[in-house]
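Here's the letter readout for the chains.
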Amino acid sequence: LAKTTQPISMDSYEGQEVNITCSHNNIATNDYITWYQQFPSQGPRFIIQGYKTKVTNEVASLFIPADRKSSTLSLPRVSLSDTAVYYCLLGGSSASKIIFGSGTRLSIRP
Amino acid sequence: SAVISQKPSRDICQRGTSLTIQCQVDSQVTMMFWYRQQPGQSLTLIATANQGSEATYESGFVIDKFPISRPNLTFSTLTVSNLSPEDSSIYLCSVVVEGQGNNQPQHFGDGTRLSIL
Chain A
175 LAKTTQPISM DSYEGQEVNI TCSHNNIATN DYITWYQQFP SQGPRFIIQG
225 YKTKVTNEVA SLFIPADRKS STLSLPRVSL SDTAVYYCLL GGSSASKIIF
275 GSGTRLSIRP
Chain B
671 SAVISQKPSR DICQRGTSLT IQCQVDSQVT MMFWYRQQPG QSLTLIATAN
721 QGSEATYESG FVIDKFPISR PNLTFSTLTV SNLSPEDSSI YLCSVVVEGQ
771 GNNQPQHFGD GTRLSIL
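Top line first, the protein sequences correspond to chains A and B. Our numbering puts the first residue of the first sequence at 175, with every later residue one more than the last. Our numbering puts the first residue of the second sequence at 671, with every later residue one more than the last.
Simulated from the structure, these hints should not be mistaken for laboratory data. Since this is a predicted model, take the numbers as computed values, not measurements. Every residue, glycine too, gets a C-beta built ideally from N, C-alpha and C. Just so you know, not all the hints are guaranteed correct.
[Unchecked claim] Which bits of chain B does chain A cover? Going by a derived footprint, with three or more residues having C-beta under 8 Å, they are:
#1 711-719
#2 774-784
[Claimed, not checked] Derived lysine-lysine pairs resembling DSS-like cross-links, with alpha carbons at most 25 Å apart:
#3 A:Lys243 / A:Lys177
#4 A:Lys271 / B:Lys677
#5 A:Lys271 / A:Lys177
#6 A:Lys243 / A:Lys228
#7 B:Lys735 / A:Lys271
#8 A:Lys177 / A:Lys226
Pulled out of the complex, with its shape left as it was, chain A reads as follows (with noise of 0.2 Å):
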C-alpha cells in the first residue's frame, strides 16, 4: 500500500483558512484520497474523498493536482472545535484495507 506523508503538526487561529497539505508519490492508478478527523475519545469521522481535481463538501474542500501525487485538504474559517487529528489515507475500493498514517495535529488557537 502506499504510503502518505503529512506534517506532524499545525498551528492556526480563529477564522483562518487552513491548508494541511499530503503526499503520496506513490499513490496506485485505482487509488482514492480520503481525510477523516479525529478528535480525543471518539473514532476518526470522514470528511472528504476525491480522485482527482477539486471536490468540496459542506465542511472542507479537497484539492488534488494533475498527478495526484499530493493532496491539500482546505477548512475554510475554522474555530477552535476545529482542532483535531487529521488523517490522509489511500484506498483502492470498499473492500481494501487502508492504512493511517500518523496524522497532523491540528491546533486552533484563540
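With chain A's structure known, arrange chain B on it following the hints.
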C-alpha cells in the same frame, strides 16, 4: 453513513483476563474491521471481520490473542485475550456502508478504551 455502537466504552481489567468488545451496526454491512490505537498513536488495523468465515488478520496479530466473531451482517466481537499492560489501548471497529460506487469510506465507532492493571 451508519450508527455504530461499541460496548463497553471503557473498561479496566486485570492481567491474564480477557475482554470481549461488541460492535453493533444499525444496518447490514459487508465489510467490518477492527483497529487498535495505542496512546498518542495512529490507528493500526488488527483484522477484517468476515461474515461466516474466519477473520483475516494483519501481520503481528494472531487469532489466539484476538479472536473475532462475525455471526451476521450487523454485529461483530473482538476478544483481547490474556491481557497484559501492553494491551492498554483504544479498540475501534469500522464498517463500510454499501452505496453507489466502489469507493465507499469506512465509518468508525467511538472505540473501547481498555486499561490493564
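Ascending list of hint numbers which this structure does not respect: Structure breaks no hint.
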